[in-house]
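Taken in sequence, the protein lines are chains A and B.
Just so you know, our numbering puts 122 at position 122 of the first sequence, and the rest follows in order with no gaps.
Heads up, our numbering is the position in the second sequence plus 1000, with the first residue counted as 1.
One or more hints might be untrue.
[Unchecked claim] Have a look at the derived ranges for each label pair, beta carbon to beta carbon:
1. A:Thr34 / B:Ser1013: 37 to 45 Å
2. B:Gln1186 / A:Ala79: 30 to 38 Å
3. A:Thr34 / B:Asp1059: 34 to 42 Å
4. A:Arg3 / B:Ile1002: 36 to 44 Å
5. B:Pro1058 / A:Ser14: 23 to 31 Å
6. A:Glu16 / B:Asp1160: 35 to 43 Å
7. B:Arg1145 / A:Arg135: 42 to 50 Å
8. A:Ala15 / B:His1056: 17 to 25 Å
9. B:Arg1064 / A:Gln30: 38 to 46 Å
10. A:Thr42 / B:Glu1200: 41 to 49 Å
11. A:Gln30 / B:Gln1186: 35 to 43 Å
12. B:Asp1252 / A:Asp127: 30 to 38 Å
13. A:Ala151 / B:Thr1049: 24 to 32 Å
[What the hints assert, rightly or not] Computed from the model, here is a short list of chain B residues facing chain A with C-beta under 7 Å:
14. Phe1006
15. Pro1039
16. Pro1104
17. Asn1108
18. Ala1229
19. Arg1245
20. Phe1246
[Claimed, not checked] What the simulated footprint calls covered on chain B by chain A, stretch by stretch (three residues with Cβ under 8 Å from a Cβ of chain A suffice, anywhere in the stretch; the number is not a length):
21. 1030-1036
22. 1042-1055
23. 1176-1189
Bear in mind the hints are in silico, worked out from the structure with no lab data behind them.
Note that beta-carbon positions come from the ideal geometry of N, C-alpha and C, so glycine has one too.
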Amino acid sequence: MARVSITVNGRKRSAEVETRLLLVHFLREQLNLTGTHVGCDTSQCGACTVLVDGRSAKSCTVFAVQADGAEVTTIEGLADGDRLHPLQEGFWEEHGLQCGYCTPGMIMSAVTLLHDNPAPTEQQIRDGLDGNLCRCTGYQHIVNAIQHAAASGSGR
Amino acid sequence: MIPTAFEYERATSLDDAVAKLAAAGGAGKLIAGGHSLVPLMKLRLSEPTVLIDIAHIPDFAGIREVDRKIEIGAGTTHHDVATSPLLRERCPAVADAAAVIGDPQVRNRGTLGGSLAHADPAADYPAVMLAVDADLHIKGSKGWRVVAARDFVQGVFTVDLAPDEVLARVTFAPVRTAAYAKLHQQASRFAIVGVAAALEVRGGLIASARIGLTGAASSPVRLSNVEAALGGQPASSETAAAAARFGGAGIDDLNSDIHASAEYRRAMIPVFTRRALDGALARLAG
Chain A
1 MARVSITVNG
11 RKRSAEVETR
21 LLLVHFLREQ
31 LNLTGTHVGC
41 DTSQCGACTV
51 LVDGRSAKSC
61 TVFAVQADGA
71 EVTTIEGLAD
81 GDRLHPLQEG
91 FWEEHGLQCG
101 YCTPGMIMSA
111 VTLLHDNPAP
121 TEQQIRDGLD
131 GNLCRCTGYQ
141 HIVNAIQHAA
151 ASGSGR
Chain B
1001 MIPTAFEYER
1011 ATSLDDAVAK
1021 LAAAGGAGKL
1031 IAGGHSLVPL
1041 MKLRLSEPTV
1051 LIDIAHIPDF
1061 AGIREVDRKI
1071 EIGAGTTHHD
1081 VATSPLLRER
1091 CPAVADAAAV
1101 IGDPQVRNRG
1111 TLGGSLAHAD
1121 PAADYPAVML
1131 AVDADLHIKG
1141 SKGWRVVAAR
1151 DFVQGVFTVD
1161 LAPDEVLARV
1171 TFAPVRTAAY
1181 AKLHQQASRF
1191 AIVGVAAALE
1201 VRGGLIASAR
1211 IGLTGAASSP
1221 VRLSNVEAAL
1231 GGQPASSETA
1241 AAAARFGGAG
1251 IDDLNSDIHA
1261 SAEYRRAMIP
1271 VFTRRALDGA
1281 LARLAG
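Chain A with its partners taken away, still in its complex shape (with noise of 0.2 Å):
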């Protein structure tokens, strides 16, 4: 067992964990985080993708003891009270999901994408999901989505 101290979400949360925890289940069963998913467990899908420290992780592939101290962001996290992201505004805009699995996921690894490239082209835009899968094969509505997002500033 281990004490991890995590802020997650700007808030702090301490606790007792086994070492072997996955940052994932730190997430979703500590603190009942469940927004972050679970897809393949093999660190291909991007379901469970998170920000440690600002930027875009697999949390499936992460320890919770290796976060400890660190600072991260769920997408329970982006909405600012009633006021979606622009990233969740362009979902909600551009109808950017079917099933909703990897949404999460994927607007998490958009965070990242947006900070590092503000405005990306569509094929940037593709290369920058390269991590992220979607089984309902819905990305033409993802890319618009952030493509929305872009127009509209997110740059957080």
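Chain B: place on chain A using the hints.
Then chain B, alone, in the frame of chain A:
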């Protein structure tokens, strides 16, 4: 998937990491980004009893130029290598290779040292490390030693690194006229074939060439017959095309798997050798 239980320790310095590894007596494993190790631990293909986190060692990451050599800390992430203004200016092929590793999330966490020490035969870095003739600086209980990239990999997932040693940094003389060309496996983004070419051009002639191949064989190798065919020839696309044809000839341990047969890899090595050479030549003007 749940890994075997382990003790977790954070190293505060390189010496501390070496001491912790020595104390673990062969049962310890270093973790930085963890993007090769954690998946293996989840599958229980790797079951270290002590995990030593080196990601928080001060000055373990960073890229700088010292005495006309580029020095990259082993803890530098692929993202930081890919976006380094120094590498973009002085040795863009290394940044290019980092930019096509895995996917953005992997590049945000994975590190140069981790990738080299893991020695996946389909990793990207080994090809460019061969092409720039990099030196690997290793710290262990007995002190420092330096191993050339060409001598470091001993086989599949096997490198010249003792259980109490840490790969600390990589150094190389920057080569501007170098490029990396890669045939991606579309799902994993690993290299089916990856070729890095570094050329030294003087007075319009290729004075010397180093070509590194990854993905295609069990270990990264230099394409010495292509290098020989380039030596002394005009730095032109025609030279590149003629020399690239020798790419892969004489390699008898080509990989064959669900992604590509050995025959397909053999056919693709000259194609990507030529692309790497053309990419390097295109940087002559720039």
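Violations among the numbered hints, reported as their numbers in ascending order: Hints 4, 13, 18, 19 and 20 contradicted; others consistent.
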